[in-house]
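Enquirer: The lines below spell out each chain.
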Amino acid sequence: MMRRASLVVGAVLVGLVLMVSLVGLVWTPYDPARVVPGDRLLSPSATHWLGTDAFGIDILSRIMAGARSVLLVGVFAVGIAALVGVPLGIVAGMNSGWLGRVVVRATDVLYAFPAVLLAILFAGALGSSTTTAMLAIGIATIPVFTRIARAGVLQVMSQDFITASRVSGIGWLRIAWRHVLPNIAPLIGVQASVSFALAILAEAALSYLGLATPPEVPTWGRMLYDAQRHLLNDPHLAIAPAVAIAGAVLGFNLLGDGLRDLLDPRLKEVAE
Amino acid sequence: MSALLEVRDLSVRFGRHRTLAVDRVSLTLDEGDRLGLVGESGSGKSVTALAVLGLLPETATVTGSVRWQGREILGLPDRELAKLRGQEFSMVFQEPMTALDPLMKAGRQVAEVLGLHRGMARGASRPLVLEMLAAVGLADPVRIADSYPHQLSGGQRQRVLMAMALVNRPDLVVCDEPTTALDVTVQARVLATLDERLDDAGAACLFISHDLAVVSQVCARVAVLRHGRLVEQGTTAQVLGAPQRPYTRGLVAVASLEHAEPGSRLPLVDDFARDGGAS
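Line by line, the protein sequences give chains A and B.
For the first sequence, my numbering gives the first residue as 1, with consecutive numbering after it.
For the second sequence, my numbering gives the first residue as 1001, with consecutive numbering after it.
Excised from the complex, chain A in its bound form (with noise of 0.2 Å):
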């Protein structure tokens, strides 16, 4: 019951963040880049929902037009670390001769640059834009997919049905990707939500500094900056991003633990 719970619960604020995005790139309350100086800071109502920021601009629309670039920024990100990442951790745990010594030492060096720094780097030859925070984030988060992958992987190449395989004559890139992909996806799956909501805040950070999407394009985590200053006195400021962001880690996290749960015929035959 639990398991079914959390996939429903998952599921439908993932979709919610979706609809919402997509809903945002056609239609919103109001322009959520039209400044309105006589509107500044209101409070809630009906006629702004969520009230208004520190330039008149409606809350609502801003989060609306802002989970595009949240989607767009945790999906690549993710995608580019889990892609290059697993496959590198795969290596590094099935090899142990020279092959697999490098890619752990290289995953070191790696693991050794802050995104932030990755960031100022991709600024400097691609500008700051959304693109550029997703290459940072992304490739700053390959390491963390390298070590997990590995020590699924060591895991699971210890166990008796690797051998039977390799007896049978299979080789190393079948067994790869039959047996030991299916069984280190769990841990990826975790992962993944996990690194997630990471990239949502890490993107929030970057577009802080500057280094990430422009300050006219609106993003959750830049709101959530922009809402500091006023947090004592309009705090509703910043609770409306605050809670789309928890919302939608939250949800990638329970939808990332139900799937595993679903997809995993030992734990079905559990739950059932």
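Please keep in mind that the hints were generated in silico from the structure rather than gathered at the bench.
In this text, a Cβ means the ideal position worked out from N, Cα and C, and glycines have one as well.
Check the hints yourself; a few may be wrong.
The calculated label-pair distances, taken between Cβ atoms and stated as ranges, are [what the hints assert, rightly or not]:
no.	chain 1	residue 1	chain 2	residue 2	range
1	B	His1017	A	Ala246	28 to 36 Å
2	B	Ala1220	A	Tyr111	24 to 32 Å
3	B	Ala1188	A	Leu154	33 to 41 Å
4	B	Ala1124	A	Leu154	15 to 23 Å
5	B	His1017	A	Trp98	21 to 29 Å
6	B	Asp1009	A	Leu117	35 to 43 Å
Got chain A sorted already, so can you dock chain B onto it with the hints?
Expert: For chain B alone, coordinates are given in the frame of chain A:
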């Protein structure tokens, strides 16, 4: 004509300290031969078998010679060995719990071996897989093939492993304590099936066990290992009926507890093997 498998002076050392796990072991197997490899835990039985198949981790140093149909296979690159594995030799594992991939249906695991060596599509191999599952004594092959390992009993899993090992009709099947994890009644039936299938295929068998009763049921010849060394080798009747070495005598004595007096201390192998490991 050369023997099917000829092992000469096989030694295995592990790790930095070069701990000796197997010490100059020599074995010969002809086609259809059944050799039991007997010894206590840690005597090097499994390591010997894994060394023969080239499956030891890279931390192991293997020396000596392993000839397969006259061809030296020790030190062959993995790619070359992979062609032999599954096709010419295969292995049945001790722990049916962990020797099957928990996320793959049993039928597919058997089919995977088939598809690999015969280039068979999944659909085409299905009848063969079902036939093989039936041949190893599984009553409902369709249901078994579509089950995940955790849905099967220990005996059923062990039979699936046997099907995997035998489906390509290999010339040599290494059985590493294949019945140790099963209870005694299931054990007897699984052994009988294994016996039949090996006969059908005309496959040779290297049978590893610490259970002398099991070995005598399956094997024509027995080799006794202790501390990585070959202590005694001969036909099953010779070795178990009239053991020459004190250590073997001890093994036989502790295995036949029906002769022990009630209330008396049970015999230990060490009572017989006072001559130490350097025999």
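Enquirer: Verify the CB-CB distance for aspartate 1009/B and leucine 117/A against the hinted window 35 to 43 Å.
Expert: violated (58 Å)
Enquirer: Using the beta carbons of histidine 1017/B and alanine 246/A, state whether their distance is inside 28 to 36 Å or not.
Expert: violated (54 Å)
Enquirer: Please check whether alanine 1188/B and leucine 154/A have a Cβ separation lying inside 33 to 41 Å.
Expert: holds (38 Å)
Enquirer: Lying within 15 to 23 Å: is that true of the beta-carbon distance alanine 1124/B to leucine 154/A?
Expert: For alanine 1124/B and leucine 154/A the Cβ distance comes to about 36 Å; the hint is violated.
Enquirer: Between the beta carbons of histidine 1017/B and tryptophan 98/A, is the distance compatible with 21 to 29 Å?
Expert: Holds: the Cβ-Cβ distance is about 23 Å, inside 21 to 29 Å.
Enquirer: Has the hinted range 24 to 32 Å been met by the Cβ atoms of alanine 1220/B and tyrosine 111/A?
Expert: Check failed, 58 Å falls outside 24 to 32 Å.
In summary, the structure is inconsistent with hints 1, 2, 4, 6 from the numbered list given earlier, while agreeing with the others.
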